[in-house]
Structure formats: C-alpha cells, structure tokens
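Engineer: In terms of this note's numbering, the sequence shown is residues 2 to 535.
Heads up, a few of these hints could be off.
As the list claims (entries may be wrong) - Have a look at the derived ranges for each label pair, beta carbon to beta carbon: (1) Lys225 / Pro390: 12 to 22 Å; (2) Arg431 / Gln334: 44 to 54 Å; (3) Leu121 / Gln37: 56 to 66 Å; (4) Gly442 / Pro389: 20 to 30 Å; (5) Val163 / Pro194: 13 to 23 Å; (6) Ile480 / Leu121: 33 to 43 Å; (7) Ser346 / Arg431: 28 to 38 Å; (8) Pro390 / Gln334: 49 to 59 Å; (9) Leu123 / Thr496: 14 to 24 Å; (10) Ala295 / Glu207: 35 to 45 Å.
No lab work stands behind these hints: they were computed from the structure.
Everything numeric in this text was worked out from a predicted model, so none of it was measured.
Heads up, the beta-carbon is just placed ideally off N, CA and C, and yes, glycines get one too.
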Amino acid sequence: MAPWWSLILLLLRLSLLVGADHSQVPLAQTSSIQQQSHRVAIIGGGAAGASAAYYLRKFANESAVDTHLEIALFEASARIGGRTTTINVFGDDGLRTELGASIFVKANPILYNATLDFGLDLRGFAEKKTGADFEWGIWDGTDFVFKQAASESRWLGYWDVVKLIWKYGISPIKVQRLTQAMVARFLTLYEEPVFPFKVLQQAVAETELMPFMALTGLELMREKGISDSFASDIIQASTRVNYAQNIAQIHGLESLVCMATDGAMAVEGGNWQIFDQMTKRADVTVHHSSLVTAVVRDQDSGKYAIQVEGDKEADAKVLRDDFDTVILAAPYQFANLSFTPPLASPPERIAYVSLHVTLFTSPYSLSPAFFGLSEQSQVPSSVFTTLPPGSSGGEDDRHKFFSVSTLRTIPPGKHSDEPQHVYKIFSSRRLRASFLAELFGFPFYQPDEDSAQAGIDSIGKEYISWYHEKVWHSYPYEIPRTTFADIKLIGDPSTPSGIWYTAGIESFISTMETSALMGRNVAKLIVDGLRNGY
2 MAPWWSLILL
12 LLRLSLLVGA
22 DHSQVPLAQT
32 SSIQQQSHRV
42 AIIGGGAAGA
52 SAAYYLRKFA
62 NESAVDTHLE
72 IALFEASARI
82 GGRTTTINVF
92 GDDGLRTELG
102 ASIFVKANPI
112 LYNATLDFGL
122 DLRGFAEKKT
132 GADFEWGIWD
142 GTDFVFKQAA
152 SESRWLGYWD
162 VVKLIWKYGI
172 SPIKVQRLTQ
182 AMVARFLTLY
192 EEPVFPFKVL
202 QQAVAETELM
212 PFMALTGLEL
222 MREKGISDSF
232 ASDIIQASTR
242 VNYAQNIAQI
252 HGLESLVCMA
262 TDGAMAVEGG
272 NWQIFDQMTK
282 RADVTVHHSS
292 LVTAVVRDQD
302 SGKYAIQVEG
312 DKEADAKVLR
322 DDFDTVILAA
332 PYQFANLSFT
342 PPLASPPERI
352 AYVSLHVTLF
362 TSPYSLSPAF
372 FGLSEQSQVP
382 SSVFTTLPPG
392 SSGGEDDRHK
402 FFSVSTLRTI
412 PPGKHSDEPQ
422 HVYKIFSSRR
432 LRASFLAELF
442 GFPFYQPDED
452 SAQAGIDSIG
462 KEYISWYHEK
472 VWHSYPYEIP
482 RTTFADIKLI
492 GDPSTPSGIW
502 YTAGIESFIS
512 TMETSALMGR
522 NVAKLIVDGL
532 RNGY
C-alpha cells in the first residue's frame with residue numbers, strides 16, 4: 002500500500018523473487034451446441050469472485066466441457082474490485098490514488114499476466130520526488146533507526162547498502178535467501194501436482210510452507226539466525242505498513258511476504274481494472290448493488306435460490322433461483338447472509354484488522370519537531386513506524402499511526418495557489434485534529450479541548466485542503482495457524498454442485514494475488530467435476 006517496496010532495494014539490490022511464466026490463453030468462443038447448462042452464482046465481486054468467473058469460463062472453454070456455464074455475479078456495491086479501489090483527489094480524474102490494495106509484483110502470475118492479456122498499462126512504483134533529502138525513514142517513536150537517501154545516484158544506493166550491512170551484518174542476506182526459498186515454494190501452488198487443491202492445509206503442507214505458518218515472524222527470524230535488531234527495525238516496519246501487525250504477533254510466512262517486493266507495480270488508473278476486465282471477458286451477468294441476504298436450497302431439486310435485497314427499482318426482495326453452484330467469494334463473517342438449511346460447519350469467524358486510511362492534501366510538510374529533529378532537519382518523504390527496543394506492541398505501542406507517506410506534490414494551478422502535498426496515513430483509529438496539528442506543526446493552530454478530540458473534518462482548509470477517510474476490514478490478524486476454512490462448505494469437492502468458499506486463504510496469505518488464486522482454484526475444481534461427469 003504505502004511505498005515500502007524500496008525496503009528490499011537495500012537488500013544488496015538483489016532480485017528476491019523467482020520469475021514465473023504462466024501464460025494465459027485468450028478466452029475462446031463457447032460452442033453454440035449446448036447439451037445442458039450449469040448455473041453458477043458468485044457472491045462478491047472482489048479479486049476472488051472476479052477470478053472465479055474468469056477462470057470458470059477459461060477452463061471450461063479449454064477443456065471443451067460439454068456443458069454450458071451460466072454465470073451470475075452478485076456484488077453489493079456499484080463497482081467491481083472489492084478492496085481494490087481508487088479515489089480522485091480533489092475530485093479530479095487526473096489525480097486518481099489507490100485507497101485499497103496498491104501494488105503487486107511481477108512474480109504474481111495471475112495479476113501480472115492478466116495485465117498483459119488485457120492490455121492494461123502498468124507503472125513502476127517509484128517514489129515521486131518531493132525534495133526531501135531522504136526517501137523514507139523508519140521511526141521507533143524516539144529515533145530514526147534507518148533512512149534511505151532520496152537520490153537516483155547508484156553510488157548513494159550502494160552507500161545505503163553499506164550502511165545496512167554495517168548495522169545489521171549478514172541478516173539482510175539471510176532474509177533475502179529465506180524469502181527466495183519461500184517464493185519458490187509458494188509458486189508450486191499454481192501447478193500440478195498441487196493445483197488444484199481441495200484442502201488448503203494439505204496444499205500448504207505439500208509446499209513445505211507449514212513450518213513458516215506455525216511460528217510468529219519474530220520466532221522464525223530467531224530460528225533462522227536473523228538478528229532481533231534487523232527483525233524489529235526493517236521487517237517489522239514492513240509488517241506494520243502492510244498488515245498493521247507487529248512481528249511478534251504475525252505469522253512467519255506473512256512476515257516474509259512483506260519482504261517480497263521486487264518489481265512492484267500497479268495498473269495505471271487503478272488495480273480494480275484487472276478484476277473488472279475479468280468479469281467482462283468471462284461473459285458474466287453482473288448484478289451491481291445487489292446485497293445477497295440468503296441462500297436457500299430446494300430439498301427436492303437440490304438447486305439454490307439467491308435472495309437479494311436492495312433492488313434499485315423496488316425495495317422488495319428479489320428471489321433468483323435454479324443455481325447449481327454457489328461460490329461465496331467474500332469473508333463469511335462480513336457477508337451477513339443466511340443459509341437454508343444452515344451450514345453444518347460454517348467457516349470460523351476470524352478477527353480482521355479495522356484499518357483507518359486517511360488521504361488528504363496540505364501545503365505543509367511533516368514537522369521535524371514531531372520526530373525529535375532540529376528545526377533545520379528534513380523529515381523523510383515517508384515515515385514507517387516500528388517499536389522501540391524491548392517492546393512487543395499492544396499497550397506498549399505508543400504510535401498513533403503505522404505509516405505516513407507523501408504520495409505526490411500537486412503544483413499550483415487548478416486546485417490551489419500553492420503546492421499541495423498528497424499524504425496517506427494508515428492508523429488503527431481515526432486521526433484526531435490535535436495529532437495532525439502536531440504532526441505537521443500547523444502555525445497559529447491551537448485546537449481547544451473540544452476540537453482536540455475532533456477529527457480531520459474540524460481543521461480549516463488552509464491547513465487541510467482536501468481529505469477522504471476510509472475504514473477497511475483490510476485483512477485478518479495473521480496469527481500463527483495450521484488449519485484453514487474448508488473450500489467446499491456443502492458437497493463433495495470432487496463434484497461441481499454445492500457451496501464453495503474462497504476467503505479461507507486470507508488466513509494463509511492475504512493479498513490480491515492469493516484471493517485470485519483461490520478463485521482460480523475453485524473454478525478449476527468445478528470444471529474438473531463437470532468434465533468428469535458429476
């Protein structure tokens with residue numbers, strides 16, 4: 002999300018990820034001769050739901066399945082993309098900024114190859130220069146434990162590497178090798194014999210990633226001989242900005258995922274376009290603004306009815322029936338729908354992070370005084386936080402934010418007579434006016450007791466010229482675990498009919514790519530079942 006990808010550039014400038022060439026075949030036209038139909042309802046239009054729709058059509062066409070798939074996708078909002086969305090700064094289409102999932106990497110086969118297949122324009126995720134001496138810094142609440150110079154000079158880049166090795170020894174090299182091994186194992190999930198997988202924990206065991214899941218990030222680093230200082234300063238800064246969790250709580254695999262950032266990129270105009278294109282190319286009937294409230298199984302026919310609330314033309318509930326298969330492509334606990342008959346073993350309700358994302362513009366720069374610097378010092382363009390030595394987080398976490406990033410500077414003209422910096426802050430709670438005033442050192446701004454408890458909306462436009470706030474159930478608390486939710490909630494995984502579930506993979510790794518992978522996996526299992534005559 003925030004521009005933390007450059008952390009890994011310091012790890013000897015080495016490529017961390019194993020390249021993958023998983024070419025995608027353009028969708029073929031379905032034969033006009035259809036012997037029978039199989040109707041699929043997908044609930045949720047995020048990465049998993051869009052991917053399931055796309056690969057259902059793709060695998061069916063490639064396999065020449067003698068069954069016509071009728072796919073309907075129900076999305077509660079007015080758009081496709083789920084937690085991938087953009088916001089227009091100042092309401093300007095030319096200033097689109099990611100509000101949700103911001104980047105992916107070239108070694109993400111589904112996302113990267115989709116952009117090539119769909120002809121989407123990519124942009125490297127390089128930092129927009131803001132004039133600061135340092136591109137980013139890691140702050141522990143008292144001191145900056147590391148800073149990277151804001152320069153395109155190769156020699157300054159090498160000097161940063163020297164400083165890194167001098168301070169942390171060979172720990173960066175060990176993490177680089179460990180991350181590379183993790184990625185190589187992860188990529189086996191895309192191919193036979195592991196893919197497609199009917200049981201996620203079995204697939205994770207086959208990839209030999211389970212030991213990474215059973216430990217916290219800190220425990221894993223200690224087991225592998227990585228110094229506590231490197232784990233706390235560098236890796237923890239990345240786990241906090243990526244998952245709002247500390248290294249002593251998050252599982253070891255996810256802590257390594259945070260370090261696998263080589264070749265970070267994004268789609269020009271927003272990553273949501275990947276998933277929008279998937280639904281368009283899959284010949285799917287998309288029902289926007291359709292909140293599914295119930296899934297009802299007919300005991301005689303075995304078919305499923307989808308009950309939808311909030312039809313635009315009437316307040317009455319709309320009943321759609323005759324579906325053979327239902328894919329729940331959203332976290333069960335947030336779907337707020339009922340099943341009749343009830344699920345015998347519903348997915349476990351797991352805790353999700355409530356992440357506050359605040360985008361705003363201001364003519365002011367970050368205050369040196371807030372970070373304990375002299376008045377003449379410059380604050381890095383982006384600041385990632387970690388914990389002071391000996392702290393494990395929780396009540397010891399004194400920070401009021403996980404990161405603050407300067408995304409760009411808008412020159413004077415269309416929206417203001419003076420330059421406006423665009424900032425993004427991740428935090429665990431809503432930002433208060435008093436905190437922002439201190440963070441930026443607004444002159445002549447002295448909030449009274451009432452306004453000090455107020456939010457960003459109470460600050461005058463001379464200080465905050467534009468803002469947007471969003472609270473996400475962004476990802477689970479990725480605690481160590483070795484079991485995951487079932488992929489098939491009703492029915493045998495060998496048969497296509499029944500109710501499938503994709504969000505169990507988020508406790509394993511929570512990214513756009515892994516959600517898309519589970520959508521692809523479910524699609525393959527369904528098509529294989531149809532091909533085998535079930």
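Engineer: All hints are to be evaluated individually against the structure, with a verdict given for each.
Structural biologist: Hint-by-hint comparison with the structure:
no. : hint                        : result
1   : Lys225 / Pro390: 12 to 22 Å : holds, 20 Å
2   : Arg431 / Gln334: 44 to 54 Å : violated, 23 Å
3   : Leu121 / Gln37: 56 to 66 Å  : violated, 35 Å
4   : Gly442 / Pro389: 20 to 30 Å : holds, 23 Å
5   : Val163 / Pro194: 13 to 23 Å : violated, 45 Å
6   : Ile480 / Leu121: 33 to 43 Å : holds, 35 Å
7   : Ser346 / Arg431: 28 to 38 Å : holds, 37 Å
8   : Pro390 / Gln334: 49 to 59 Å : violated, 37 Å
9   : Leu123 / Thr496: 14 to 24 Å : violated, 39 Å
10  : Ala295 / Glu207: 35 to 45 Å : holds, 37 Å
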